[in-house]
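Could you fit the two chains together into a complex? Lean on the hints.
Listed here are the chains, written in short residue letters.
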Amino acid sequence: MVSKPFAITLNIGSSLANHTGSWRNERPVYVNRMPPCNNACPAGEDVQGWLYEGEAGNYEQAWRNLTRDNPLPAIMGRICYHPCQTACNRADLDEAVGINSVERFLGDEAIKQGWQFTVTAAPTGKKILIIGSGPSGLSAAYQLALKGHSVTIRESSSAPGGMMRYGIPAYRLPREVLDAEVARIVNMGVAIECNSKVENAEAAFAEGFDAVFLAIGAHLGKRAFIPAGDTARILDAVSVLHMTADGQPPMLGRRVVVYGGGNTALDAARTARRLGAYEAIVVYRRTQEKMPAHEVELKEAIDEGIVMRWLSTISRVDEGTVTIEKMELDEKGNPQPTGQFESLDADSVVLALGQEVDLSVIDGISQVSVDDGVIEVDELLMTGRRGLFAGGDAVPGERTATNAIGHGKHAARAIDSWLQGETFVHAARPEPASYERLNTWYYSDAPKTVRSKLDAARRASNFAEVVQGLDAETAVFEARRCLSCGNCFSCDNCFGVCPDNAVIKLENGKYEINLDYCKGCGICANECPCGAIDMEPERS
Amino acid sequence: MTTPLKFYQVGSFAVGNRLLEEGQLSEQSRPSRTNSLTSGHRACQGCGEALGARYALDAAMAATDGKIVAVNATGCLEVFSTPYPETSWRLPWLHSLFGNAAAVATGVAAALRAQGKSDIRVIAQGGDGGTVDIGFGPLSGMFERNDDVLYICYDNEAYMNTGVQRSGATPPAARTNTTHAVGDNPGASFSQGKNLPVIAMAHGIPYVATASVADLHDLENKVKKAMSFHGARYLHILVPCPLGWGSRSEETIHLARMATESGLFPVFEAEYGEVTSSKKIRRQVAVADYLKPQKRFAHLFGAKGRPDLLEAIQSNANRNISKYNLLDENSVGLKGDNGE
Chain A
1 MVSKPFAITL
11 NIGSSLANHT
21 GSWRNERPVY
31 VNRMPPCNNA
41 CPAGEDVQGW
51 LYEGEAGNYE
61 QAWRNLTRDN
71 PLPAIMGRIC
81 YHPCQTACNR
91 ADLDEAVGIN
101 SVERFLGDEA
111 IKQGWQFTVT
121 AAPTGKKILI
131 IGSGPSGLSA
141 AYQLALKGHS
151 VTIRESSSAP
161 GGMMRYGIPA
171 YRLPREVLDA
181 EVARIVNMGV
191 AIECNSKVEN
201 AEAAFAEGFD
211 AVFLAIGAHL
221 GKRAFIPAGD
231 TARILDAVSV
241 LHMTADGQPP
251 MLGRRVVVYG
261 GGNTALDAAR
271 TARRLGAYEA
281 IVVYRRTQEK
291 MPAHEVELKE
301 AIDEGIVMRW
311 LSTISRVDEG
321 TVTIEKMELD
331 EKGNPQPTGQ
341 FESLDADSVV
351 LALGQEVDLS
361 VIDGISQVSV
371 DDGVIEVDEL
381 LMTGRRGLFA
391 GGDAVPGERT
401 ATNAIGHGKH
411 AARAIDSWLQ
421 GETFVHAARP
431 EPASYERLNT
441 WYYSDAPKTV
451 RSKLDAARRA
461 SNFAEVVQGL
471 DAETAVFEAR
481 RCLSCGNCFS
491 CDNCFGVCPD
501 NAVIKLENGK
511 YEINLDYCKG
521 CGICANECPC
531 GAIDMEPERS
Chain B
541 MTTPLKFYQV
551 GSFAVGNRLL
561 EEGQLSEQSR
571 PSRTNSLTSG
581 HRACQGCGEA
591 LGARYALDAA
601 MAATDGKIVA
611 VNATGCLEVF
621 STPYPETSWR
631 LPWLHSLFGN
641 AAAVATGVAA
651 ALRAQGKSDI
661 RVIAQGGDGG
671 TVDIGFGPLS
681 GMFERNDDVL
691 YICYDNEAYM
701 NTGVQRSGAT
711 PPAARTNTTH
721 AVGDNPGASF
731 SQGKNLPVIA
741 MAHGIPYVAT
751 ASVADLHDLE
761 NKVKKAMSFH
771 GARYLHILVP
781 CPLGWGSRSE
791 ETIHLARMAT
801 ESGLFPVFEA
811 EYGEVTSSKK
821 IRRQVAVADY
831 LKPQKRFAHL
841 FGAKGRPDLL
851 EAIQSNANRN
861 ISKYNLLDEN
871 SVGLKGDNGE
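Residue numbers (the working numbering), protein chains in the order written: chain A, 1 to 540; chain B, 541 to 880.
Simulated from the structure, these hints should not be mistaken for laboratory data.
From the three backbone atoms N, C-alpha and C, an ideal C-beta is built for every residue, glycine too.
Careful: at least some of the hints might be erroneous.
Straight-line alpha carbon distances no greater than 25 Å define the calculated BS3-like cross-link-like pairs of lysine-lysine that follow [unchecked claim]:
no.	chain 1	residue 1	chain 2	residue 2
1	A	K4	B	K607
2	B	K765	B	K863
3	B	K764	B	K820
4	B	K832	B	K765
5	A	K326	A	K299
6	B	K764	A	K505
Have a look at the derived ranges for each label pair, beta carbon to beta carbon [to be verified]:
no.	chain 1	residue 1	chain 2	residue 2	range
7	A	D94	B	K863	27 to 37 Å
8	B	N870	A	G57	25 to 35 Å
9	A	S14	B	Q732	40 to 50 Å
10	A	A427	B	G873	39 to 49 Å
Residues of chain B placed beyond 10 Å of chain A at every Cβ, according to the derived structure [as the list claims (entries may be wrong)]:
no.	residue
11	E618
12	V619
13	L652
Just chain B, with the same shape it has in the complex (with noise of 0.2 Å):
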């Protein structure tokens, strides 16, 4: 043997493999893993936030050698984690209320920093509703101010806790309970949106990521990424909700993966106000094919669907794509012989 080998039957795609070497294992892969949600917590078959709020904090426990506290605003996650008298969460976590999951996190990393405890690390975290809405205001107080917190939204695009109601998150066409597929413009309105991760570079705070549930390894490096640095941090990670989004529990992965090979859903990282990188589409999928396994979507497609809706949804794709550089010359585009 000459030179090492970089080619493995997964490449770096997978969870893990049996040939990785130690430093090439993701978090996830480990049997020693924290576990920081744990088994018995009642959220649906096939929840994406279940899972991607173990992801993350798993990768947060590892990079700070399990010294983590997590603050939790209202929502499914901590609905489903907490009912009494029972919890699913292995690491000291706090609820208080609905909108201000960033100011309750704002106040531990001042009291550890009081207490002279810079080694312990503070987490907020929330579902979109508590973020986007209803906890803007403290969370932007929270970036403005630069307190040594990193904020994590697991966004599923719409209120799911409470029944599917809309939320700033909430993609256009989208059925919810608040936004019927009736009338002319069936389902969530065409509208800017609240593009959370640019607003947050906006405050020009340290580090900003996305990611989904749909590729570990990303989510987990920014993780430990967002870990090495202090000062204001924001996390939005793509979660699927089968409830909401009336998709298949086994799809769940599956639509993530969609989302972001569509290029609706762009997977970048900032720095000080600036895109420092994006995650490049390795097959590029129509956004028709993300949209059409999803019920909420359901009344764009048939005889009586609407392909001007679509169309104007996979322009919103298109623009992401140049906005973001999502392409590149490994990229397998929509036209290549590999579309799906």
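Isolated chain A (complex conformation) (with noise of 0.2 Å):
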């Protein structure tokens, strides 16, 4: 007879031995989906992934995982349009998480601890050359130089930077943050030759470089014909912001009148009044909804006093007048003319009308064609003579920094394989996380911390930076109100919610399904907060 505890008749057992797995015929699956931000940045930012260790106040971490597709965010979380912003989902549920001061705070944190890119790759003794030092070229230097190659990069202004130097005015992008972030790459071991123009591409190679990436950028300022007096003071706005960058600013005058309805035309007019001018008028042939400028550059411009004279073009400029025409919009939406003309007193005229790219550097490349007056590329942005890669403004695409930067890097893993004899492959995109597979229950609300701006009135007056950054309190909150869309976040809830304990909480913070006791219920997945659990048929 066995002997069991006083009382005790029967063998007891534990439910244990029953593998309730059997009853499930779906189980639930951890997966990761695309965050939309991840999804809308041109650059490829893993934000959410960022974001997760800046949450916890890893802000060294959360900076070294944004590096890996974008060496300069102290920049971009100044100059970016943030489409991160746009696309988030936290927007439908109250407002869009402050990606971009985030990115800005963890930037200036990085140039204020000294935070520096370590190259690990043994050298491949592969060397590169890269013409143009503004975002793309700074892109895929960077990424080139982790990989082990060499890279130089020749720059035909007297400092690097490209646009970012010569296109955006100090007020939105402080020259010692630029400074800054391009040192840290000349620290990898990258090259910057500065006025130093390369001619002809194709001399490169001849000169022992086994690649070469084009991003040149988009630097001529596109003319249009306006009957004009001998004595009409005409300008185009990126030589404006050209030599006002070079602290050579041109003679503008006390009324000036822009014409154009791009981002350009607005920092040529915010440049004109930090120069002196006291009356600055940008005029646009369309309506402000149809305006390609940013939201909030027209916001900030407006704030400052820069007038907007919607609906008109510019017919004739004389010393001191400019003649507009009003315009109407037909049913097409695009301007016509009224027949109706007012003058306009004006001593200087800036051109603000796009930007041309300047080809002669690949004059006589036979390979190498060009569509729309920009270079033609493949969709490994490589041009018709090989090895020869193209990004930035210089090809087919959206014009702004972060888009450069994306070209940067994806020109350099490119550019990696070709040299290895490969072709890169872009790996396939998960499906993306959308706000329905969100369980908004489990977020709290709380409002974006907005930044502060300097005082429109001080700030027309001088070259200061418009738009102040997040104090470590307030990053570390915004970066907790990402909802990490798609992906775990470490909240218990498939641990705690499970009537089965068929959830198994790991280490690090993962967790596991025990697919012994797993009824396939389904809880786990539908209180998920973040709709990273899938439910999936068993097969049979």
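This is how it looks when you write it as structure tokens:
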């Protein structure tokens, strides 16, 4: 007879012997979906991933995750038009997460702490020439240097940065920030040769470079034919911004008219105000809704006293006056002349009608084709000349610094593969993490931390930075507003809500399903805040 | 850093969060939780009662350093947890009859007192049938004598174990196997029902509270608070039943949330017969939104639906909202911009 404790007559077993997993016809599977921020970022930043580190206050790790895709966070935290925030699922709940502010905070923190990039790859012995030191050139140089290649950048201007230095005014991007982030890339061993215009890309191959990346930007201001008197003063916005950046601002006078509707037009008008013009008028032939300039830029410009003249074209420029014609939109939304004219007082006119690419660098390279003023490339950003790649504003696509950084990254990957005799293949994108997949009950409401702005009146008079950054406390608060769409953030919900204790919490903050007991009820998937669990049918 | 930040990605609504401090963690977020009701039990997929029992008993175990004896009435919880020779219980557990859980628990408490074991606490538990109907006499006696027992009722609103028969806690218009959806007044009748939390309060016992499986933090806090009192205490937990309610298994917690957010199931606590607090509605929903996913209310919807009965149920919810003061300035009301 088996000995038992007092009053116990039956053998006791545990229900753990009963494997209820056999009831299941669906099983929960942890997934990683593509969050909308990451999906929208032209540079391909893993936004949710670096915010995850930022939430815990691991700023250096957050910065290191961020800089896998973008080596210029302090710059882009200031000048990016943050398509990530436009796409952010949180906008449907209350307000989009201020991703751009947190990026800037991390970038500034990195400069303050002196964090550097480390190259761990062994030298490959391959030499790559990058023509142009704008965002696409620097991004490509950084990615190629990380892979152990020897990188030289040749820059025609006297200082590196491209449009970040010569197109974007200092009040939007302080030069010490630009200098700091460029210096960090130079510290990786990238050589930047300034005042070194490359006349012909083909010659670089003869010089011994294994691959060449054209990151030449679009620096020629478009001209339009406008009837003008001999003494009329007409400049182009690109030159105005370039000369101002070089410390030799042009004489614009007291009353300036800017012609165009893009960000460059607004930058030129705001720069004119800072150079002493008391009146800066932007003349644009369509309406505010059709304006290509970013809404935030327009608001800041109007706050500074820039005057907008919608539905107007410049028909003639004379000394001291500009004649404009009123326009009206036809049913297709195109502006049509009305025959009504008006005269504005103006000491100078600045044309901001878009930029063109200086294509002289590819003269005589017959394999490279040009379409509509830009260089044609394949999906790996290679031109018709094998080994010659191009990106940024010089190729078709949206002309933003973020897009250029993405081009630099993609070109670097393609170049790296090409140098090894392989073809780069993009990893397949995961399924999108849609708002519908979120269980928003679990997210508490919190407003966006709004960056304080300098007083508009004070701002117009100098080139001090307009938008201020977040401090450490508000940055971590903002990061914690991230919903972590489609990616587990260790909230323990699945672990807690399983009626069968069939979720195992692992040491690393992740979870596993115990399929011996999971009955497949689906509560874990239904109650997952971020939609990181799918229910998949069991195969019998 | 000057002031500590209170805001987390998921506030205090989720089970846990990697960023929470030790003191802010729920018991269920700890790998070291007791798992008082462990895996392998035979509850249906998505059982709210299995979940509610683990939530409550794990919290009680944590509050008493693991010194709990549980007494169980007959019902689903007893049947699915202890088919011979297996048990899912990881604490001392007794089952006697359907109607006598409160009396047995009283006896256990008396025995412990006689042995001077004042640190060992007693919990009695049962479903709504064993509590509001069959075990009501002994329970009322336990209240009246103020015996040192926490009685927990897991309310799934019918006798589910025996095949979904109506109980005194079955809500108006609900279809069960004894209240079919036929005739002029389909489903259960619109009676006063048997509102046991209010009846318990009428006994003037130290602590009475309601909770649901949709708000773990609230539930755990109430169990811990209940364990801080001596004398008779009563906790009434709403536990949706996919089988009896005709709902999808993954909807269990969602339905419990809709029950509280519609006001049909008010979540409150009371001490010595007086209501001391109520949990506010965050995003109010119409009762129809709560009832529609449940097949037991299917006859209220569709072409031959009964909007008049829906309206009567909505007025019950409205009465709760005003009686227990369930809306405050942070609540998004039915006419708000966020009514789901």
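What hints, given by number in increasing order, does this structure fail?
-> Failing hint: just 4.
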